[in-house]
Amino acid sequence: MFLALKEIKKEKLRSGLIIAMIVLISYLIFILTSLALGLAQQNTDAIRSWNVDKVVLNADANTDMRQSFLSQQQVGKLTSKEAYIGETTVVAKAKGRKQLSAVFIGLKADQFVAKNVQLTSGRRVRAGHEVVVDEAFKLAGYKLGSRVKLNADETKYTIVGFTKDAKLNIAPAVYGQLSTWRALRGMANGPVASAVVSRNADYKNGRAGTKTYTTDQIIAKLPGYQAQNTTFGMMIGFLMVISLVIIAVFLYILTMQKLPNYAVLRAQGIPSRVLVGATLSQSFILVVSGLIIGSLLAAVTALVVPAAVPMAFDIPALSGVAVALLVMAMLGALVPIKSVLSVDPVSVIGG
Amino acid sequence: MTAISLAGVSQVFGKGTAKVQALTDVNFEAEAGTMTLVMGPSGSGKSTFLTIAGGLLTPTSGEVTVDGTTYSDRTKKERDALRLDAIGFVLQAYHLLPYLTVADQFKLVDKVKPEGNLSKDDLDRILDTLGIEDLVNKYPDELSGGQQQRVAIARALYPDPAIILADEPTAALDSERVAVVGQLLKSLAVDHNKAVVVVTHDVRLVDFADRMYEIRDGQMTLK
Chain A
138 MFLALKEIKK EKLRSGLIIA MIVLISYLIF ILTSLALGLA QQNTDAIRSW NVDKVVLNAD
198 ANTDMRQSFL SQQQVGKLTS KEAYIGETTV VAKAKGRKQL SAVFIGLKAD QFVAKNVQLT
258 SGRRVRAGHE VVVDEAFKLA GYKLGSRVKL NADETKYTIV GFTKDAKLNI APAVYGQLST
318 WRALRGMANG PVASAVVSRN ADYKNGRAGT KTYTTDQIIA KLPGYQAQNT TFGMMIGFLM
378 VISLVIIAVF LYILTMQKLP NYAVLRAQGI PSRVLVGATL SQSFILVVSG LIIGSLLAAV
438 TALVVPAAVP MAFDIPALSG VAVALLVMAM LGALVPIKSV LSVDPVSVIG G
Chain B
8 MTAISLAGVS QVFGKGTAKV QALTDVNFEA EAGTMTLVMG PSGSGKSTFL TIAGGLLTPT
68 SGEVTVDGTT YSDRTKKERD ALRLDAIGFV LQAYHLLPYL TVADQFKLVD KVKPEGNLSK
128 DDLDRILDTL GIEDLVNKYP DELSGGQQQR VAIARALYPD PAIILADEPT AALDSERVAV
188 VGQLLKSLAV DHNKAVVVVT HDVRLVDFAD RMYEIRDGQM TLK
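As given, the protein sequences belong to chains A and B, one line each in that order.
Start counting the first sequence at 138; every next residue gets the next number (my numbering).
Start counting the second sequence at 8; every next residue gets the next number (my numbering).
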């Protein structure tokens, strides 16, 4: 540590450049991770907020809630742990406001999903022409009391409440009554819901024409969700590997330049472990410094980034990324260790 | 008392047509309290002698004895420890660590070997003798070649070794400094009972020597 700190103090420019490089890499990875998490959350926020374990859909719906219709016979008798969900995509519009593509989610007011919708302002839905909407509507200029039309339906729905983090497949949720969902789908006397959700982990519908899934199975089948996550995962993974290579190259060059000095120290009987310790601790200090500055930059970005940007700064996840980067960097730092261990003190005798 | 001795040491590098006989049946002794010069032209085998005497290279044949024990009876780790405790190298390629001030060069030794090093007064005396007492807060790149050489000498002396092996210690010094360094090495031998072995072709050091060997084409003779 003594040698590492002294070198960093003396070689400020060189150390600063390496730290700057690690800052840029870590900042890029933090931002990409936050974007990946943000987009993933916007795909699943609504479903996660229901806190359900099982979802029953029509067996022919290809695990897509929007394509599912369940009849009264298929639904059967529900307990207090089950609830109806009616889902359909809609376009919300109001005079003087821009149109918003959204997901309408019809709920039954006396069931747990409707009761658990977390409001940030306003009140819950009490009538068929009332809706509670995600705060994305606020960003688009909608307010409590705004009257919106959904699709081509001439009925106007009043926004009576706002809820946050209620998005499904990136689209903001519009919570209303189950009867409204039926009206929007034009099936007043047909199916009773798109899905039945259950808080009971052992729940199984088992009726003909239905299939029971776990919440994770439903999420995995959300359109584009897997592809998006895989893309981000690969980008972050490649960045990790690239950062490993870049950091390893920098540290290798840094160490190779010091080998003549190390040879003298070895000739004087300084143990190899001291030199290895100096190399590793220097790498550790540089990488941790870079990660701390990168984290601070990411934190500042979190404060100033517009709410419309789908970024989620999840501290445990980002801490995991930081630890992974540190591990990768330390693996890179191990590359020149072989050269340090094999430094030949004889080379310094005789000028 | 013999501090270091080489008995029947030979060193061969390479094989076949590339084979080079660097040392042939070298016998050498250096007593505590004396300064011994090993003189010879470039390519005569001086550096090979020094690397073998310092335990950096195991000879093809023969034995090196330090402090009553041969190198072949010591492990690599023990030879490292011996170099740190008992042998002070003054190298021609002094390579001071560029990011350590002069004072930090000594602190590094303290970190690795906390005990048995020179006291602050003794170190100050040596720095004063070498004329570098005002340079303790300077980095190597702020020093001239001669100043760096003198710092390297002080660094080698700091662990208070019983044997000092010096490789052309006056190569970068003017005649006035050669006299100072020669006197210092002689004083270390006589006043501090150290065995000082200097490999050089600098005839200005001859006057300080108690004993002198000549090495030529790998063969050593006592003069």
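FYI, nobody ran anything at the bench for these hints, they're computed from the structure.
Do not rely on the hints blindly, as some may be mistaken.
Calculated cross-link-like contacts (lysine-lysine; reagent style PhoX-like; alpha-carbon spacing at most 25 angstroms) [as the list claims (entries may be wrong)]:
hint, chain 1, residue 1, chain 2, residue 2
1, A, LYS230, A, LYS341
2, B, LYS193, A, LYS146
3, B, LYS127, B, LYS193
4, A, LYS146, A, LYS245
5, B, LYS193, A, LYS143
6, A, LYS475, B, LYS193
7, A, LYS143, B, LYS118
8, B, LYS127, A, LYS475
9, B, LYS145, A, LYS230
10, A, LYS230, A, LYS214
11, B, LYS120, A, LYS143
12, A, LYS235, A, LYS252
Simulated coverage check for chain B against chain A, where a stretch passes if three residues somewhere in it have a Cβ under 8 angstroms from a Cβ of chain A [to be verified]:
hint, region
13, 16-29
14, 176-186
15, 213-223
No residue lacks a Cβ here, since even glycine has one placed at the ideal position from N, Cα and C.
For a quick check of understanding: which of the numbered hints are violated here, in increasing order?
1, 2, 4, 5, 6, 8, 9, 10, 12, 13, 14, 15
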